[in-house]
Amino acid sequence: FFMAYYDNNDHLITNRKQIAVHYLKRMFWLDLLGIFPTYYVALAITGQVHAQSSLASYLSLLRLIKLVRLYRLKQLFDIVQYNPHISLMMLTLVRNFGFAIIWTHFSACIFYFIASQYDFNE
Numbered sequence: 013f014f015m016a017y018y019d020n021n022d023h024l025i026t027n028r029k030q031i032a033v034h035y036l037k038r039m040f041w042l043d044l045l046g047i048f049p050t051y052y053v054a055l056a057i058t059g060q061v062h063a064q065s066s067l068a069s070y071l072s073l074l075r076l077i078k079l080v081r082l083y084r085l086k087q088l089f090d091i092v093q094y095n096p097h098i099s100l101m102m103l104t105l106v107r108n109f110g111f112a113i114i115w116t117h118f119s120a121c122i123f124y125f126i127a128s129q130y131d132f133n134e
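Quick note: the sequence shown uses my numbering, first residue 13, plus one each step.
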């Protein structure tokens, strides 16, 4: 809880207890959702732990919930943007290149999932 924030009145809050309460009210739930093993819990509930069924492959889509953690990447770029030691041009290039890589990877995963549903191995 070392990250200060501005409240609604534009006052900088540096008290760790207030920061912790603010985090627990807002971002804690997104972080918990991002790290909670929903896929494995769903496999255990449905009894598909070591199964190779279509239900197990559809349950694998629950792993996409982990993408919620990408909001932290946006926060990082918002903070670093105002750093005078980092070139804004270089930061923009890295951000856009990273964005392109992430979405290309995401698209490839979708294509792989679709192909696996049509038994591309046969």
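Treat the hints with caution; some may be incorrect.
[To be verified] Pairs of lysine-lysine residues, derived as DSSO-like cross-links and limited to a Cα-Cα distance of at most 30 angstroms, are as follows:
#1 Lys86 <-> Lys37
#2 Lys29 <-> Lys86
#3 Lys37 <-> Lys78
#4 Lys78 <-> Lys29
[Stated by the list, open to error] Simulated restraints on C-beta separations:
#5 Tyr18 <-> Leu85: 26 to 32 angstroms
#6 Ser119 <-> Val33: 35 to 41 angstroms
#7 Val92 <-> Ala120: 25 to 31 angstroms
#8 Arg38 <-> Ala120: 29 to 35 angstroms
#9 Ser69 <-> Tyr18: 42 to 48 angstroms
#10 Trp115 <-> Asp43: 19 to 25 angstroms
#11 Gln64 <-> Gln87: 24 to 30 angstroms
#12 Leu105 <-> Tyr83: 18 to 24 angstroms
#13 Ser119 <-> Gln30: 39 to 45 angstroms
#14 Val33 <-> Leu73: 31 to 37 angstroms
#15 Ser99 <-> Tyr17: 25 to 31 angstroms
Hints are computed from structural coordinates only; laboratory data are not their basis. All residues carry an ideal CB built from backbone N, CA and C; glycine is no exception.
Evaluation of the provided hints:
no. : hint                                 : verdict
1   : Lys86 <-> Lys37                      : holds, 20 angstroms
2   : Lys29 <-> Lys86                      : holds, 25 angstroms
3   : Lys37 <-> Lys78                      : holds, 20 angstroms
4   : Lys78 <-> Lys29                      : holds, 28 angstroms
5   : Tyr18 <-> Leu85: 26 to 32 angstroms  : violated, 21 angstroms
6   : Ser119 <-> Val33: 35 to 41 angstroms : holds, 39 angstroms
7   : Val92 <-> Ala120: 25 to 31 angstroms : holds, 28 angstroms
8   : Arg38 <-> Ala120: 29 to 35 angstroms : holds, 33 angstroms
9   : Ser69 <-> Tyr18: 42 to 48 angstroms  : holds, 45 angstroms
10  : Trp115 <-> Asp43: 19 to 25 angstroms : holds, 23 angstroms
11  : Gln64 <-> Gln87: 24 to 30 angstroms  : violated, 39 angstroms
12  : Leu105 <-> Tyr83: 18 to 24 angstroms : holds, 22 angstroms
13  : Ser119 <-> Gln30: 39 to 45 angstroms : holds, 42 angstroms
14  : Val33 <-> Leu73: 31 to 37 angstroms  : holds, 34 angstroms
15  : Ser99 <-> Tyr17: 25 to 31 angstroms  : holds, 26 angstroms
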